Structure formats: structure tokens, C-alpha cells
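> Line by line, the protein sequences are chains A and B. Using our numbering, the letters of the first sequence correspond one by one to residues 1 to 405. Using our numbering, the letters of the second sequence correspond one by one to residues 1 to 265.
Mixed in with the good hints there might be a few duds.
[Claimed, not checked] Pairs of lysine to any residue residues, derived as SDA-like cross-links and limited to a Cα-Cα distance of at most 25 Å, are as follows:
#1 B:Lys74 to A:Leu147
#2 B:Lys74 to A:Glu171
#3 B:Lys74 to A:Gly276
#4 A:Lys16 to B:Arg162
#5 A:Lys115 to B:Thr157
#6 A:Lys371 to A:Pro68
#7 B:Lys74 to A:Ser174
#8 B:Lys74 to B:Arg86
#9 A:Lys151 to B:Pro62
#10 B:Lys14 to B:Asp93
#11 B:Lys144 to A:Asp302
#12 A:Lys16 to B:Gly167
#13 A:Lys16 to B:Ala169
#14 A:Lys151 to A:Asp391
#15 A:Lys16 to B:Arg168
#16 A:Lys115 to B:Ser187
#17 A:Lys115 to B:Thr159
#18 A:Lys114 to B:Asp189
#19 A:Lys114 to B:Ala185
#20 A:Lys60 to A:Leu224
#21 A:Lys16 to B:Glu160
#22 A:Lys16 to B:Thr157
#23 A:Lys16 to B:Pro133
#24 B:Lys74 to A:Asp302
#25 A:Lys114 to B:Thr157
#26 B:Lys91 to B:Ala254
#27 A:Lys151 to B:Glu69
#28 B:Lys74 to A:Glu307
#29 B:Lys74 to A:Thr275
#30 B:Lys74 to A:Glu148
#31 A:Lys114 to B:Pro156
#32 B:Lys251 to B:Glu218
#33 B:Lys74 to A:Ile306
#34 B:Lys144 to B:Leu11
#35 A:Lys115 to B:Ala185
#36 A:Lys16 to B:Arg164
#37 A:Lys16 to B:Gln141
#38 B:Lys74 to A:His309
By construction, these hints were calculated from the structure, which means they are not laboratory data. Nothing here was measured: the structure is a model prediction, and the numbers come from that model.
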Amino acid sequence: MQMYEAGQIYDLPDSKGHFGPYGGVFVAETLMYALDELRREYLRLRDDAEFQREFQYELKHYVGRPSPVYHARRLSEHLGGAQIWLKREDLNHTGAHKINNTIGQSLVARRMGKKRVIAETGAGQHGVASATVAARYGMECVVYMGLEDIKRQASNVYRMKLLGATVVPVESGSRTLKDALNEAMRDWVTNVESTFYIIGTVAGPHPYPMMVRDFNAVVGRELLVQMPEVIGRQPDAVLACVGGGSNAMGVFHPYIAERGVRLIGVEAAGEGLGTGHHAATLCAGRPGVLHGNRTYLLQDEDGQIIETHSISAGLDYPGVGPEHAWLKDSGRAEYVAASDDEALQAFHTLCRMEGIMPALESSHALAHAMKIAPGMRPDQVLLVNLSGRGDKDMHTVANASGITL
Amino acid sequence: MSRIPSTFEALQGKGRKALIPFITAGDPSLAHTVSLMHALVEAGADIIELGVPFSDPMADGPAIQRSSERALRKHTSLRGVLEAVRTFRSKDDATPVVLMGYANPIEAMGVERFAQSAADAGVDGVLVVDYPPEEGSGLSQALKARDIDSIYLLSPTSTESRIREVGRAASGYIYYVSLKGVTGAASLDLDEIARKLPAIKAHTGLPVGVGFGIRDAETARAVGKLSDAVVIGSRLVQEIEDSAPEQAVEKVRALVGGIRRAMDA
Ligand SMILES: Cc1ncc(COP(=O)(O)O)c(C=O)c1O
Numbered sequence: 001m002q003m004y005e006a007g008q009i010y011d012l013p014d015s016k017g018h019f020g021p022y023g024g025v026f027v028a029e030t031l032m033y034a035l036d037e038l039r040r041e042y043l044r045l046r047d048d049a050e051f052q053r054e055f056q057y058e059l060k061h062y063v064g065r066p067s068p069v070y071h072a073r074r075l076s077e078h079l080g081g082a083q084i085w086l087k088r089e090d091l092n093h094t095g096a097h098k099i100n101n102t103i104g105q106s107l108v109a110r111r112m113g114k115k116r117v118i119a120e121t122g123a124g125q126h127g128v129a130s131a132t133v134a135a136r137y138g139m140e141c142v143v144y145m146g147l148e149d150i151k152r153q154a155s156n157v158y159r160m161k162l163l164g165a166t167v168v169p170v171e172s173g174s175r176t177l178k179d180a181l182n183e184a185m186r187d188w189v190t191n192v193e194s195t196f197y198i199i200g201t202v203a204g205p206h207p208y209p210m211m212v213r214d215f216n217a218v219v220g221r222e223l224l225v226q227m228p229e230v231i232g233r234q235p236d237a238v239l240a241c242v243g244g245g246s247n248a249m250g251v252f253h254p255y256i257a258e259r260g261v262r263l264i265g266v267e268a269a270g271e272g273l274g275t276g277h278h279a280a281t282l283c284a285g286r287p288g289v290l291h292g293n294r295t296y297l298l299q300d301e302d303g304q305i306i307e308t309h310s311i312s313a314g315l316d317y318p319g320v321g322p323e324h325a326w327l328k329d330s331g332r333a334e335y336v337a338a339s340d341d342e343a344l345q346a347f348h349t350l351c352r353m354e355g356i357m358p359a360l361e362s363s364h365a366l367a368h369a370m371k372i373a374p375g376m377r378p379d380q381v382l383l384v385n386l387s388g389r390g391d392k393d394m395h396t397v398a399n400a401s402g403i404t405l
Numbered sequence: 001m002s003r004i005p006s007t008f009e010a011l012q013g014k015g016r017k018a019l020i021p022f023i024t025a026g027d028p029s030l031a032h033t034v035s036l037m038h039a040l041v042e043a044g045a046d047i048i049e050l051g052v053p054f055s056d057p058m059a060d061g062p063a064i065q066r067s068s069e070r071a072l073r074k075h076t077s078l079r080g081v082l083e084a085v086r087t088f089r090s091k092d093d094a095t096p097v098v099l100m101g102y103a104n105p106i107e108a109m110g111v112e113r114f115a116q117s118a119a120d121a122g123v124d125g126v127l128v129v130d131y132p133p134e135e136g137s138g139l140s141q142a143l144k145a146r147d148i149d150s151i152y153l154l155s156p157t158s159t160e161s162r163i164r165e166v167g168r169a170a171s172g173y174i175y176y177v178s179l180k181g182v183t184g185a186a187s188l189d190l191d192e193i194a195r196k197l198p199a200i201k202a203h204t205g206l207p208v209g210v211g212f213g214i215r216d217a218e219t220a221r222a223v224g225k226l227s228d229a230v231v232i233g234s235r236l237v238q239e240i241e242d243s244a245p246e247q248a249v250e251k252v253r254a255l256v257g258g259i260r261r262a263m264d265a
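Same shape as in the complex, but just chain A (with noise of 0.2 Å):
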């Protein structure tokens, strides 16, 4: 295991993609192609001025940021312990933090002249936010979601589909959100020359894992200059919920040079980490390679990737981002579980306690600070980042608690 010394400087990935052993290029030839076009784009795109001017734009008057940081007094007071600090990513255009992604690689789609973008989603989000997208820039979009999901997220796909986007069921493997980026990656194949595909969580094949993350780093870099003028310094951890990881990359990213602060990642513990029944792949699960990247998955003694399980279907998924793995072994971020229940618990918690109604993957993060927060002392800071809003899940929360809308 390598440790991540003080002050050395994080440049990952390297040139091929990797962040240690993870991460990388793991695509049939056909894509190779096609990625590389796209990892010389981005990488130009990067460091231009005037993409990054209407990138800025779009995230302020598009999407209204900068997010506003929201001390939660209440549940503070009630829990007894640390401040609880928010980040409302809940308050974006469309929802949640997604939107930060898809503003960038639409931007990017447009430069490298795309007419139709792709798209994979779990719970919905990220396919609203790339119809969304796909509405404002004026592409096509097509969006891949597992036929469990599109049962789950009704409201979702009804939002995606009065965005103009067409919304195509997939029936194969466990139906749900890796099933829809193997289908989307299958699109891609075929339809390489006109199509964008918008990945939406820091996975997938370089330069995707590292793309994703620059577009959600304005996350953390808001952070970086609200805490102080907050509360006068920088948060003692910052905890996110990771099923891709991309949120949590978004905030940790920009933290990962500031030594004293902890980073903690939480992952869907669903019915138990014991029970088999979860989706806590840097918990529980083994390294190996799946779309298109080296990292954590959760997967059987011959290498098969396993069902996964959570009551929030954006954390439902049997890998994880490869910096993720990275930052885990190299000790600089903490990786634990929250099961459904717990998340549950928190979501009433803050529907109650503050009025803000947090998406299930966000309660995730937010059930793991109520956790630690009454160990702690009232000058400690804990900084959650609420990447969501909980519209979406009312039917789920209303079914958990035996209520049917």
C-alpha cells in the first residue's frame, strides 16, 4: 500500500489514465479510437479560457451556483455533538449535483461537433440532467435505464421524456444501472462517428474519471472559500455519499491537499453489509476490471459481477470510481456504510428537524455524520454534501414505510 505524503503533489491520473493501479483504458478497439479524440479535446478544452468563461457561465446562470453552504443548527442541537454543515447541491437546476457534469461534457459534445448525445442512469438524476442538457444545447438524447430502475424512478422518466429525450428500457443482465452502461457503451460502439456519450459518475474508461471529476470539483472548490468565511477555517472531515463516487470526487478533490481534513466516503450498506444484500463495493469488494477501468467491484470467487442492493437506486452499483480505490488505499480518504434503514432514518431526521427533504443517496452521508457527529465536541465541524433533493424518492420512502401514493 503506497502512502499519500503531506505535500506531495496530486496530479493523478497519469497519461494512461491511472491513479496507482486503477482507473486505465480497458475497452474493446473499437473504442480506442474515440477515447483518445476525447482525452486530447478535453485536455485542450481544459486550458482554454473561453470554455472555461462559458462553463462558469452556465454553472452561475444556469444552474444558479455557487450552492449555498447551510449550517443545519437544529439537527446540530439535537444530535448533540459537531455542527452539521450542508452543502446544498439539493438546490441545483434539476436537483442535485449532476447537472454540474453534463453542463461540461455537453460543452464538450459541442466542440467536437456531436448532434446526438447518450446517456446511462440509475435513478433518474443523471438522465434528467442530461435531457436537460440535450434540451438546451438542442441534441438528441437517448438514455439507457435498467427496466428495475425505470420501475423505481416513474417520475424520472416522465421528467426525461417531457425534455424531449428518448428513454430505452434494458432487459438484460440484472436490469438495473451497469446493465444501462453496457448498453450505452454498446450504442457508442455503433454509433461512435455522431455520438457524445455523457457518462455520469467518475467511472468508465480515461479520460471519463478524471473529466467527470474536474466538472464536479466547482463543488469543492465553492467549499474551499465558503468555509472560511463560515466558520473561519476549513471543516474537520467532509463526508459524501459514493456510488460512482462523483459527488463525493466533486468535494473531495479540491480537499485532498488539505491535510487536516478528513474525508470520508459513504457507501449503501442496504440490508447489511452481512446480509450480501449492499452496494458497498470499497467495504466489501475485491479490485478488478469493469467498464472500462481497474478498481474496487463487487463480484463472485470467478470473477462475475454480483446483484447489488440499496434502497437508493443512484448507489446501486457494483463499482465505484477508480480514484475512489486509489484514495482508499492510499489511506487519504475513509470508506464506510450506511444500510437502508439508517438512511431512512436520516431522511425523516432532516425532513423534520431543518425542512430540507434529502435525496436517499444523499441521506447516506447524512446518516453517517448523525452517526459520529454525538462522539464529537460542539467546535467540530462535520460538511455534508446533500447532492440531492428527495423528490424523486417520495414513492420510495412512502412504500419503506408501508404507505402507497
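Go by the hints and put chain B with the ligand onto chain A.
Leaving out everything else, chain B with the ligand in the frame of chain A:
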């Protein structure tokens, strides 16, 4: 050396092109797989590509996806596939066998252990769809040490420098993916193949097999005129899906026999 180079030499001497059928191991069962392999050889196959089922076959179309799912429902593992090759070898020590699959089952077994088990079972070549040469060098070295060929893909989107790079890593033969798309897709562009193949042969010095999208004897014949080998997969896998298990072997034998005759005519 594996059995692959001598197979291509012998064919060249006879002015024939290699017919390389692909089937998914374990579909409908591993016992059927061994019978199917023998039937393929009897029907005129020169090399057999044996698919190792994976839960997430990203580069495959619906026919091979479904066959992988059927094989996995029968709990087909990489170990089981190697066992099937060993059983096949007890009766056929001549026909090259190439394993085709995805990286994760191999990494789960461990690259060295896999390479040794493959050598012990009598495997001649390995094609890992999601290992481009950059990421596949560890496996390629382990295989090379045991005289097993590393088969790599090239595609219509491969640039000339890419062709050279893949040529340096590859041995046995090059698998040219004849279309932009997944296995089993419908469109196949003969002109594109005719344009691309001379460059591939020149820069790699290896025989070139063409696959993805060859669905009938007619197309196999046309492709065979341009290439050294014709790979036919989804169509066979579909035939297996459409047949009752006890009829699959005869159905596949008839289909491959027809393709062989068309290629040799
Ligand atoms: C609100 C919200 N948070 C988190 C996630 C998980 O994704 P990631 O781990 O990439 O942030 C999702 C995914 O749909 C989401 O909608």
C-alpha cells in the same frame, strides 16, 4: 509454438481460408460445448473460438449476451471452460482453441495461474476483448512464456500507428472487427474491409481474421476472398438458442458445413 501458425501455413498451402466458428462455452451446457466443438471440426472448422461467459459483456450484441446469461445460469466458470478444453483435447490434439472473453474472470483467477491452467488444458490463443495492448501486456507476457498466442482486435477506427502498435503485441492472428458496433450487428462493409486489410497485413505480418456481422454462407465467402480467416459467432449462437439442446449439435454442424462449402467453392 501454438497450433495456430502451422494451421494457417497448412491452409495457405492448400489455398484455403480458415473458418473460425465462435460458441459460448456452457451454452446450453459444458457437456454440449465439447460435443459442439467436435462437430464444428467435423463440419470444417479450422480454429475454434470459445467464449468465456461474463456477466457484463459490453462488446457483445443481444445474441451473445443472452448466450452468456444462459451459460452463467448453468454456473459456467473459467475453470469449467478450461476443463472443457482439456476434455476436447483428449480426442482432438490438432485443432487450435482460442479463448475469447473479458478481463475480470481472468484477473479473478490471477493472470499467472490462468496462463498456466490454459497451457495445461491445451489452449492456443487468448483474446481479451477489454484488454487493449496497453493494459494486456502482463497477460501477454505470461501467455508468451507458455507458447500461447495473444490475439488482439483491430477495427475500422484503428489508425496506422495503432495498427503497428497492436501488431507488436499480437501473435497468432489479428481479429479485425468488420464494423463499428457490437457482435451480431447487421451491417458489414466489404469495401471497408478491402481497403483496410492490406494495411493491416503489411504492418502486422500476421494472418487476419474478419468477424462481427457475418451471418450467412454468402457473406462468409465474400469476406474469405479478402481475408485469411472468417469468424462466425452470433449466427451460430443464435442457432443454439433456437434449437432444443439435443438438436443443437446437428443444427450447428449443418450450418457450419454449409458455410465451409461456400467458402471452398
Ligand atoms: C442525488 C444523488 N447523489 C448521489 C448519486 C450517486 O452518484 P455519485 O456517487 O456519482 O455521486 C446519485 C446518482 O444518481 C444521485 O442522484
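> Each of the hints needs a verdict: does it hold here or not?
Quick rundown of the hints versus the structure:
no.	hint	result
1	B:Lys74 to A:Leu147	24 Å, holds
2	B:Lys74 to A:Glu171	20 Å, holds
3	B:Lys74 to A:Gly276	21 Å, holds
4	A:Lys16 to B:Arg162	15 Å, holds
5	A:Lys115 to B:Thr157	20 Å, holds
6	A:Lys371 to A:Pro68	24 Å, holds
7	B:Lys74 to A:Ser174	16 Å, holds
8	B:Lys74 to B:Arg86	19 Å, holds
9	A:Lys151 to B:Pro62	22 Å, holds
10	B:Lys14 to B:Asp93	21 Å, holds
11	B:Lys144 to A:Asp302	24 Å, holds
12	A:Lys16 to B:Gly167	20 Å, holds
13	A:Lys16 to B:Ala169	17 Å, holds
14	A:Lys151 to A:Asp391	16 Å, holds
15	A:Lys16 to B:Arg168	19 Å, holds
16	A:Lys115 to B:Ser187	22 Å, holds
17	A:Lys115 to B:Thr159	24 Å, holds
18	A:Lys114 to B:Asp189	23 Å, holds
19	A:Lys114 to B:Ala185	23 Å, holds
20	A:Lys60 to A:Leu224	18 Å, holds
21	A:Lys16 to B:Glu160	20 Å, holds
22	A:Lys16 to B:Thr157	19 Å, holds
23	A:Lys16 to B:Pro133	12 Å, holds
24	B:Lys74 to A:Asp302	13 Å, holds
25	A:Lys114 to B:Thr157	17 Å, holds
26	B:Lys91 to B:Ala254	21 Å, holds
27	A:Lys151 to B:Glu69	22 Å, holds
28	B:Lys74 to A:Glu307	17 Å, holds
29	B:Lys74 to A:Thr275	24 Å, holds
30	B:Lys74 to A:Glu148	23 Å, holds
31	A:Lys114 to B:Pro156	19 Å, holds
32	B:Lys251 to B:Glu218	18 Å, holds
33	B:Lys74 to A:Ile306	15 Å, holds
34	B:Lys144 to B:Leu11	24 Å, holds
35	A:Lys115 to B:Ala185	23 Å, holds
36	A:Lys16 to B:Arg164	19 Å, holds
37	A:Lys16 to B:Gln141	20 Å, holds
38	B:Lys74 to A:His309	23 Å, holds
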